[in-house]
Amino acid sequence: MSYFSDIYHGIRTLLTGMGVTGKYFLHSRKGAITQQYPDNRDTLKMFERFRGEVVMPHDENNEHSCTGCQKCEIACPNGSIEIIWDRQVDPETGKKKKLIDKHIYHLGMCTQCGLCIDACPSDAIKWAQNFENAVYDRSQLTRVLNRPGSKVRAGVEE
Amino acid sequence: MYNSLIITNNIHSWVVSWMPAAVTGITEMIMIALAYLTLFAVLGLFLVLMERKVAAWFQLRIGPNRVGFFGMFQTIADALKLLSKELTGTDKADKFLYNLAPYFLIISSLMALAVFPFSQNLQAFDINIGIFFLIAISSIGVIGILLGGWSSNNKFALIGAMRSGVQTISYELSVGLSLLTMILLTGSLQLSEIIEVQKSGWLIVQGHIPAVIAFMIYMIAGTAETNRAPFDMVEAESELGAGFHTEYSGMKFAYFFLAEFINMFIIAAIGTTVFFGGWLSPFGITESIPWLGVFWFFLKAFALVFLMMWFRWTFPRLRVDQLLTLEWKYLLPINLFNIVLMAIIVWLNFTIQF
Ligand code: SF4
Ligand code: SF4
Numbered sequence: 001m002s003y004f005s006d007i008y009h010g011i012r013t014l015l016t017g018m019g020v021t022g023k024y025f026l027h028s029r030k031g032a033i034t035q036q037y038p039d040n041r042d043t044l045k046m047f048e049r050f051r052g053e054v055v056m057p058h059d060e061n062n063e064h065s066c067t068g069c070q071k072c073e074i075a076c077p078n079g080s081i082e083i084i085w086d087r088q089v090d091p092e093t094g095k096k097k098k099l100i101d102k103h104i105y106h107l108g109m110c111t112q113c114g115l116c117i118d119a120c121p122s123d124a125i126k127w128a129q130n131f132e133n134a135v136y137d138r139s140q141l142t143r144v145l146n147r148p149g150s151k152v153r154a155g156v157e158e
Numbered sequence: 159m160y161n162s163l164i165i166t167n168n169i170h171s172w173v174v175s176w177m178p179a180a181v182t183g184i185t186e187m188i189m190i191a192l193a194y195l196t197l198f199a200v201l202g203l204f205l206v207l208m209e210r211k212v213a214a215w216f217q218l219r220i221g222p223n224r225v226g227f228f229g230m231f232q233t234i235a236d237a238l239k240l241l242s243k244e245l246t247g248t249d250k251a252d253k254f255l256y257n258l259a260p261y262f263l264i265i266s267s268l269m270a271l272a273v274f275p276f277s278q279n280l281q282a283f284d285i286n287i288g289i290f291f292l293i294a295i296s297s298i299g300v301i302g303i304l305l306g307g308w309s310s311n312n313k314f315a316l317i318g319a320m321r322s323g324v325q326t327i328s329y330e331l332s333v334g335l336s337l338l339t340m341i342l343l344t345g346s347l348q349l350s351e352i353i354e355v356q357k358s359g360w361l362i363v364q365g366h367i368p369a370v371i372a373f374m375i376y377m378i379a380g381t382a383e384t385n386r387a388p389f390d391m392v393e394a395e396s397e398l399g400a401g402f403h404t405e406y407s408g409m410k411f412a413y414f415f416l417a418e419f420i421n422m423f424i425i426a427a428i429g430t431t432v433f434f435g436g437w438l439s440p441f442g443i444t445e446s447i448p449w450l451g452v453f454w455f456f457l458k459a460f461a462l463v464f465l466m467m468w469f470r471w472t473f474p475r476l477r478v479d480q481l482l483t484l485e486w487k488y489l490l491p492i493n494l495f496n497i498v499l500m501a502i503i504v505w506l507n508f509t510i511q512f
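Sequence order for the protein chains is A and B. Residue numbering for the first sequence follows my numbering, starting at 1 and increasing by one per position. Residue numbering for the second sequence follows my numbering, starting at 159 and increasing by one per position.
The hints are simulated quantities; they were obtained by calculation from the structure and are not laboratory data. Heads up, the beta-carbon is just placed ideally off N, CA and C, and yes, glycines get one too. Hints are not guaranteed to be accurate.
[Stated by the list, open to error] A few chain A positions that, by computed beta-carbon distances, are all more than 12 angstroms from chain B:
1) D6
2) M18
3) D86
[Claimed, not checked] Taking lysine to any residue and the SDA-like style, the derived pairs with C-alpha atoms no more than 20 angstroms apart in a straight line are:
4) K487(B) with K97(A)
5) K45(A) with F216(B)
6) K313(B) with G323(B)
7) K30(A) with K357(B)
8) K23(A) with E351(B)
9) K250(B) with W468(B)
10) K126(A) with S150(A)
11) K211(B) with V20(A)
12) K102(A) with K45(A)
13) K30(A) with V212(B)
14) K211(B) with I33(A)
15) K211(B) with T13(A)
16) K357(B) with S346(B)
17) K23(A) with A501(B)
18) K211(B) with L195(B)
19) K97(A) with I33(A)
20) K487(B) with K30(A)
21) K97(A) with E63(A)
22) K30(A) with Q217(B)
23) K23(A) with S407(B)
24) K313(B) with T246(B)
25) K313(B) with R477(B)
26) K23(A) with F464(B)
[Claimed, not checked] Which bits of chain B does chain A cover? Going by a derived footprint, with three or more residues having C-beta under 8 angstroms, they are:
27) 359 to 372
28) 465 to 473
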């Protein structure tokens, strides 16, 4: 008897499958996931988890939260990050403190693995959602993430 | 052979008016052949476009939409591109057979189109063994596939062609037997006669249970006959490259491609004619306007084509042993039983007629 129940189950599962695809077919008008890219350049927003490039957010006082701990530099498997730092006297506390001079990021070498962002203890760097990263010269792919004149936000410690 | 639509009558009298009677027959045949050739080349292109659009919609994509309105001219552009491409071939290929193979396929599928009644009297060749002719012609195509695979000196092509041989020979049986089931109802092999019978109800209604079973078997076996997914082991992309036409390029590749789509249309057209009343309108609503038959015929045929596309984008590909199990252990016994059932129903007059 399993012969007939096989046929029955076969037909039923096939129809279930066709039902699923049929539903997709009917909803394709609204739910199409295709982005017609150059046309919708102005409105296209990448989804949140997209990994475009590593950036360092600055607030309105031109302050970031990078303490110069170099953990990202160590975490990066292919050496895309270089931190140039200095020990300076903190004007407020009068103690010597490690401060970054330049946080250099080589987009050309980065594999978008995200390890640097995971490693950062003070959430100073994060992913940007831009994807139009093509440039005419390789040297433009080397970026300094901290803006000129910026300083570390007070209260962020190693 | 000549049909009585007014337009063809006009053409006929126009040809006769300036030509000796002896050659008018040949001239008209050539004219009809050319008309069919152009029409079905365009139809094939349209089917390719339809397949791409339908596939896109099933996968929540948009599909071709750049060339012309909604991508209307995409496949025409593709065909032009293929026309202009170089015809390459492998070293040590059997050149004669290699060049011959695509024509086997495309000619056999175009020949099959000649016998369909697209509307009342709109039929190029009303042969009295219509269904038999169709089954016979559609099995010639496989020779083209076998030749193409064999002669192109490529292991993938050869494996693809051999699989096609296995598949077509097995499934031809089911196509034939399921059509035979319906022949029991019509009592005639002639396609125009088959449609005449359906004026008192489409055959799928007349034959109720066995007819529905026969239709299901026919659609499964027909999909397998055309080597489409889920039975596309012939050109299983992930295993065999492109299967038997791996080594073809340019226009010869286009012939294979076009033949696949025209074959799909033929399977749908046979299904329309035998199960769904061909050009007859549902409940005879447009009986007074005979040329609307073309519309009904194509509507039904395209509905069946859509069904086959739906299969393709839903089901995963079968393995060869599963394919043969399906045919020999399931479809064939059910089919034989179904014929007996249909015979009993016809004998006891249990058919539903209006
Ligand atoms: S994402 Fe990976 S590769 Fe890129 S800078 Fe960070 S750690 Fe290095
Ligand atoms: S970005 Fe984060 S991990 Fe890298 S140096 Fe600055 S604080 Fe340390």
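Hints the structure violates: just list their numbers, smallest first. Hints 1, 2, 4, 5, 7, 8, 9, 12, 15, 17, 18, 19, 20, 23 and 27 contradicted; others consistent.
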